[in-house]
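Novice: With chain A's structure known, arrange chains B and C on it following the hints.
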Amino acid sequence: MANIPQRIIHEYLRHDKKFPHVWCAGCSNGIVLGAIIRAIASLNIDRNDIVMVSGIGCSSRMPVYVDFNTLHTLHGRSIAFATGVKLHKPHLKVIVVTGDGDCAAIGGNHLIHAARRNIDLKVIMINNNIYGMTGGQCSPTTPHDAYATTAPYGNIEPDFNICNLAMGAGASFVARTTAFHVQEMQSMIKDALQHTGFSLIEVISACPVIYGRLNKKGGAPQMLKDFRDNSIPLSATEKLPPDKIEGKIIRGILRKEIRPEFTAEYSALCKKIQTAGGE
Amino acid sequence: MTKTYEVRLSGSGGQGLILAGIILARAAVLENRKVTQTQSYGPESRGGYSHADVIISDRDIHFPEATNISCLLALTQEACDKFLFDLSDNGILIIDTTFVKNLALASENTYEVPFTDIAQEKLGSPISTNIMALAFLVKVTGIVKESSLKKAIEESVKPAFIDVNLKAMQIGFDLAKK
Amino acid sequence: MTEKDKTKTTKEKASLAAKPESKLEEIQTKRERKTVLMQGNEAVAYGALDAGVDFFAGYPITPSTEIAEILAAELPKRNGAFIQMEDELASICAIIGASLAGAKALTATSGPGFSLMQEGIGFAKITETPCVVVDVQRVGPSTGMPTSPAQGDLMQSKWGSHGDSPAIVLYPDSVKESYELTIRAVNLSEKYRTCVILLLDEVIAHMREAVCLPDIANVRIINRIKPTVPPQWYKHYDENQKYLSPLASFGEGYRYHVTGLTHDSHGFPTNKPSEAAEMMERLRKKISYNIRDLVQIESYEMEDAKIAIFAAGITSRAAKAAIATARAEGIKVGLLRPLTIWPFPDDAVRKMLRNVDTVIVPELNQGQLIHEVQRLTKDKSDGGLIPINKVSGELITPNDILNKIKEVC
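Here the protein sequences come in this chain order: A, B and C. According to this note's numbering, the stretch in the first sequence is residues 215 to 493, in order. According to this note's numbering, the stretch in the second sequence is residues 46 to 223, in order. According to this note's numbering, the stretch in the third sequence is residues 31 to 439, in order.
Treat the hints as calculated values from the structure; they're not laboratory data. Every residue, glycine too, gets a C-beta built ideally from N, C-alpha and C. A portion of the hints provided could be inaccurate.
[Said to hold, decoys possible] Below, a sample of chain B positions facing chain C; criterion: calculated Cβ distance under 8 Å: (1) I67; (2) R71; (3) V74; (4) Q84; (5) G87; (6) P109; (7) E110; (8) T121; (9) Q122.
Chain A extracted, bound-state conformation:
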């Protein structure tokens, strides 16, 4: 029987133990999980070689549901844990699933330094513009003027452009998409898994129950439609005048370049020292 997509997902879930999941109805996290699994399945990667690491937050609950080596860690520290795993066993595929608060606020320092090292981690940051698990507080990606329980009069801070941050810090693969663009997401994850070096994929996602309600965004379908209508592919931006780009989500692979990767550099260093040592 042909592998219809749903069956592929089921092969990778720990469905005997860990369901129902904690995510609200309409949450985009499941869409991202599906895309990750299909990308892995399409590359036929041995699941024993996959380590999925996460921090704290809604998206960080993802690892418990999947049948990989899974590590659910501390708030903000997933990239640091992942660095330890990857450096000790470089052949493992280490995927970090994180959220905007986990990755860009409390974990921002680890993000920029991992990007600088260009260590081969695949960071998938699910950006729902809010702290969902704790009930709707302002995050570094909450837009200016948007509402949060800790910004009851509207957010006065500018929001973080995480992809620009990662590129500025030296990430060698950076991409952005939305939860609406599932095929694109899956293909980006596949690309990142085949890339050697620090990879960040930002997935703009819908949190209808918390963010959506606080900001009157309508339900999940409406939010996903908004992603469709308010985003443009990177390739289209060249032809469009600046006022048509202003305020839009730019989707696409923003950077993909070959740069020395940390664990490869480290093992080359070991070899160099050992041969220089003679004997």
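Specialist: Only chains B and C this time, still in chain A's reference frame:
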């Protein structure tokens, strides 16, 4: 006869006193003696106070800091003032008169030598003052053999600096003969 | 009147990694390793390497930095990994990650960094992941005095992380023992699957002493137990063998889940009161059922002592010097020294309290260890328990202790 010898090498950061302490301790190790070497210094790499303690004994050394100093080397006025009164009865005091101008008390066990000036004059730089003063101390006190000191210097400084330091050592030994 | 220097040192429970000194000297002539002058921090670094540590992640901080510097030079020679992380939060997390991937992992820090590591230490404990944290103590609180000695982290090493989390904390008093207890710390972390802490005094970390390390063949190494069951039968937290369960590494086919949430025996999060209670009991019993294996104390000149000094690390050395002088004057005084601070050596301290009139507790803080002794003092009035405290960045000297001995005798 067993004796515990407590040496304090004092001055300011950058004068190489901790290295001198390590060399003295290493010389004692070469003679199979028990030894501890500790130091106290400020957070800065240059300037500020600094001292190294070396305790050499034939018995186990419990407390590793000099509390009853058998021999004090002071390369600065501040160090001399600070530690002079921790010197034991009959303790030996060695001061660098390049920097130590006032001495609160002097005894027959006091040696006054302008180490830094001599290093500048004979070696063209004050950089080996520490080794010169240490060699002087070793010769005067006899706490380790001269040959052990030489070997310890060779083991402790970078190859490029062995010659100049051995030269400084010899000057130190010669000064002590006078 | 010769000072009593017969070191009547009995190391109870001496399961030290290295062989006893006499044997060491006996085989000295055939040995690869000679007696050398070595610093405490160096001894820790070489202890780590001899114990099989193949992963170090750390962040520079005085007075522990030499450990990182030596390992940065040595680990790449042996295919071990060294990484300087962006901060101490990342350092502790990286060593836990590496340990789960199969590494023997260690980090080294000092007070401010140790404070930052506390959340990670709690994670290592609840997930039962082996790792070692070396804390070279300096004067606190906050930045304090970076190059001066203090013993202010004794309680933090036990209670620093939130929630109840039984601790294993070792405390050497010399350069040689720094080497031995580093090996022991790594061994215990592997055996008990937990974060073991090695507390060092600044003075010992920077002190140099003549040390002869054992040849590597004479070092006793303990490695974590590996599962022998097929993956589908594997339980990440199995209750067999006195709560010491096998540990598979990532990438070996055992696809288990690790979480800092309260979890069941498979590692999956749980809110069930019975499972939560079981997990907490497991963490507690793992330590308390193995006290005899964990506790190490040195009892020095205690046979006829009427006055006991209870001290650890560098302060115990001042005590030994004071004891030599006091004994020469006929005062019957001895020392009880914990090499394992946590779990606390309750039995040994109770025995000491039964046999002496007075206990002096010198420590480089405002009073931490003394409260543990007090906890075990049922029939002693406060007069029998005497503190000596110093937090000025200077050591407690033999004279400080001697004066107190003379005051009470």
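Novice: Checked against the structure, which of the hints given earlier come out wrong?
Specialist: 8 and 9
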